[in-house]
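Here the protein sequences line up with chains A and B, keeping their order. Reminder that position 89 of the first sequence reads as 89 in my numbering, one-by-one numbering, no gaps. Reminder that position 72 of the second sequence reads as 72 in my numbering, one-by-one numbering, no gaps.
Check the hints yourself; a few may be wrong.
As the list claims (entries may be wrong) - A short, non-exhaustive set of chain A residues, derived as facing chain B with CB atoms under 10 Å:
no., residue
1, Ala134
2, Pro136
3, Leu179
4, Ala182
5, Val217
6, Glu303
Think of the hints as simulated: they come from the structure by calculation, not from any bench. Glycine is no exception: its CB is placed at the ideal position from the N, C-alpha and C atoms.
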Amino acid sequence: MADTHRPLLLEIEDRAEADPASATAYPEAFADGLPQGRAMQGAARLATRRASLLGRMAFWVFGSLFTLILTVSATNFVTALFASNTALGWAAFVLLLLALGLTLIAAGRELAAYARMARIDRLRAAAITARATADPAAARAVLAQLASLYASSPATAWGRARLTERAPEIFDADALLSLAEAELMAPLDAAALTEIEAAARQVATVTALVPLALADVATALYANLKLIRRLSEIYAGRSGSLGSLRLLRRVFAALLAAGAMALADDLIGSVAGGGILAKLSRRFGEGVVNGALTARVGLAAMEQCRPLPFVALPKPGTSATTSRALAGLFGRAAEQP
Amino acid sequence: MVISALTDGITRSLEGAGAALSGSFFEPSLRLGVTGLSRAGKTVFITGLVANLLNRGRMTQLQAAGRIEAVYLQPQPDLTLPRFDYESHLAALTGDDPRWPQSTRAISELRLSFRTRPSGLFAAFKGPQTLHLDIVDYPGEWLLDLALLDKSYADWSEATLTRIAKRPEAADFMATARAEDGALRLDEARARALAASFTAYLTAARANGWSDCTPGRFLLPGDLAGSPVLTFAPLPKPASTPRACLWREMQRRFDAYKSRVVQPFFRDHFARIDRQVVLVDVLGAIHQGPAATEDLRRTMAEVLAAFRPGRNGWLTALLGGKRVERILFAATKADHLHHSQHPALTAIMDAMLIEAKTRADFAGARTAAMSLAALRCTVEETLPRDGISLDAVRGRLLQTGKQAVMYPGQLPQDPARLLAPAREGAARWLDADYALMAFAPARIRLKPGDGPPHIRLDRAAEFLFGDRL
Chain A
1 MADTHRPLLL EIEDRAEADP ASATAYPEAF ADGLPQGRAM QGAARLATRR
51 ASLLGRMAFW VFGSLFTLIL TVSATNFVTA LFASNTALGW AAFVLLLLAL
101 GLTLIAAGRE LAAYARMARI DRLRAAAITA RATADPAAAR AVLAQLASLY
151 ASSPATAWGR ARLTERAPEI FDADALLSLA EAELMAPLDA AALTEIEAAA
201 RQVATVTALV PLALADVATA LYANLKLIRR LSEIYAGRSG SLGSLRLLRR
251 VFAALLAAGA MALADDLIGS VAGGGILAKL SRRFGEGVVN GALTARVGLA
301 AMEQCRPLPF VALPKPGTSA TTSRALAGLF GRAAEQP
Chain B
1 MVISALTDGI TRSLEGAGAA LSGSFFEPSL RLGVTGLSRA GKTVFITGLV
51 ANLLNRGRMT QLQAAGRIEA VYLQPQPDLT LPRFDYESHL AALTGDDPRW
101 PQSTRAISEL RLSFRTRPSG LFAAFKGPQT LHLDIVDYPG EWLLDLALLD
151 KSYADWSEAT LTRIAKRPEA ADFMATARAE DGALRLDEAR ARALAASFTA
201 YLTAARANGW SDCTPGRFLL PGDLAGSPVL TFAPLPKPAS TPRACLWREM
251 QRRFDAYKSR VVQPFFRDHF ARIDRQVVLV DVLGAIHQGP AATEDLRRTM
301 AEVLAAFRPG RNGWLTALLG GKRVERILFA ATKADHLHHS QHPALTAIMD
351 AMLIEAKTRA DFAGARTAAM SLAALRCTVE ETLPRDGISL DAVRGRLLQT
401 GKQAVMYPGQ LPQDPARLLA PAREGAARWL DADYALMAFA PARIRLKPGD
451 GPPHIRLDRA AEFLFGDRL
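Turn these sequences into a full structure, and let the hints guide you.
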């Protein structure tokens, strides 16, 4: 048993000096013992995983079954053809091989687009971290990646030249990132805004003019998907269908969670006379709101696709974008027919 | 405080109100105060700033740079002041044999006029805007006198004598002053000898890097040389001070120095400042040792206590009671360090001037701190030594004119490692060694549209007057 009555003083020579300024709140030995609700965390993790596991398993089983049926029937088809007529069998075989090759190429392209979008996400995270930590070296790394990402884009050639000329003179992370944003993103932003305005105009026109019930939903979905595809093409240089779909789901989920898809009343007034228009004609009002919502989705997608967050350049607003997109569309077009 | 007392005077305020009235409604002008001790780099700062504002290729961090249509170097509004000799200074800095400009010996002024395209909500309805930027250059030695304004002769004498008693440069003067009896009648010859001895001490002290060399006009007297107002010296107060004794006469001259020399200078050039940049040569002080660092800290604190920071409402601006709205604390000569050490340098200066900074923050002024170089004369290089790579800078040495790579030593991340020993009066830095060589301006080839190279001058300009462009 230790004697607790006598005082004790240990002189330590081989350890680093105690630095109260940077000490952790508790000695390390205590950190493990603190209650962290690990059981609950684990349960939550497991619960979320189980649901997705089931879904993924079903997807996998049905997918495999479908692929099996497809492969077996194709093989049967080709062997049957070989049995009846060798020349036709060869033709079918070659066609099958070609189809397989094309599928592989398409899958490869999708994968590449996916990887490119993931790279953009990483780049944005790195840019945010570099700005927050004011680390010039990290900012320079982001700039180098941006330059290689847009190395083949003619729209940013001027900006890239300016960047290589001016960046060596700047020693602040935020200034470097702001310069990159102003020089590289500005032409891309302009192109993206044009796309968004075009999509908003298209959705507004179709929902206002096409009388079919489901056609407007289909058009809106198609236009939005196409818009997102174009946006990721503009910012990432490439886009795939699956990636676009995933991005669309992400944007929709974010907007739904923020309640931004429901709050459309504030958008009616954004077009000059929009409020009066909505009172005159329900369908035109619908068109305006749909156009405005498309603009909102487009702007949200723009932020998701952009490798740098909006800091140096002003973030385009929904109202301004909508009114630019719809200016003249309803004002004159509504009077003429 | 001091300045507010100075701004009295009915004529002046009437005049000022008229100018403010026309200024706020027609062509606003902004007065930029460049504050710094001698050799802090005021003249180079002004020259570099003006050169880079005239050619804005390198001003990427000045947000309004794209909207500026024209910048014009105007004749300044003060008719009695010489113009800041921008062209000669620029020629000295960027010529074939580049050198630092001569140290400033007299006051001079400059007005820079901007013509900018308006921005904002009503941009479409407004024509181009005009802004005048007035900058004053003056010998840094004179700035020290600001600290004298609220001191009496007795206080100043006592403080000065105790401070300089241990300095070797002051040995001669201390011997003379101790031998003097202030209670005796004034003898002009002895007064002159005292003043001459004190001036000799000041000159020697300044040469050895001390900052607190007051009164500043002793060093740069101009046309006041030899006048009674510059013929005094600190003396210990004798037990009795009869009429017309030496001590009384010295006191009278000291008061005249304050009211006739110091007050007009600050009233005319500092009382109406809108924005202020405080240039501090922190690196030089660190190189010279703890005593110089502490000396610099105390001197700057005394000088900055005289300014009146705060926010300007439009009404206070019209009524003449101007405050300094933005203060930038800048550690100059940042090009003598690799940029990876700039944050440490900024932190040291920040900690050094924390008193003035928090006072300004509390009063509602905006403050910022950064390391800058108004004329960059080095390039950065990485140097291997003993298996590790050192972040160094390369340039042309001032003394020999030869190219050299310099690594001045590792500045500590925690400013207290330097400032605490300095405050305690350590003789030398404990566990660190700093060797700083001065670089000469480099021979540069400028492209059309580019100003001379700099470090963070654009950021400083953005902070100081970017909001008004």
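Consistency of the hints with the structure:
no.: 1; hint: Ala134; result: holds, 7 Å
no.: 2; hint: Pro136; result: holds, 7 Å
no.: 3; hint: Leu179; result: holds, 5 Å
no.: 4; hint: Ala182; result: holds, 8 Å
no.: 5; hint: Val217; result: violated, 38 Å
no.: 6; hint: Glu303; result: violated, 22 Å
In this structure, the earlier hints numbered 5 and 6 are contradicted, and the remaining ones agree with it.
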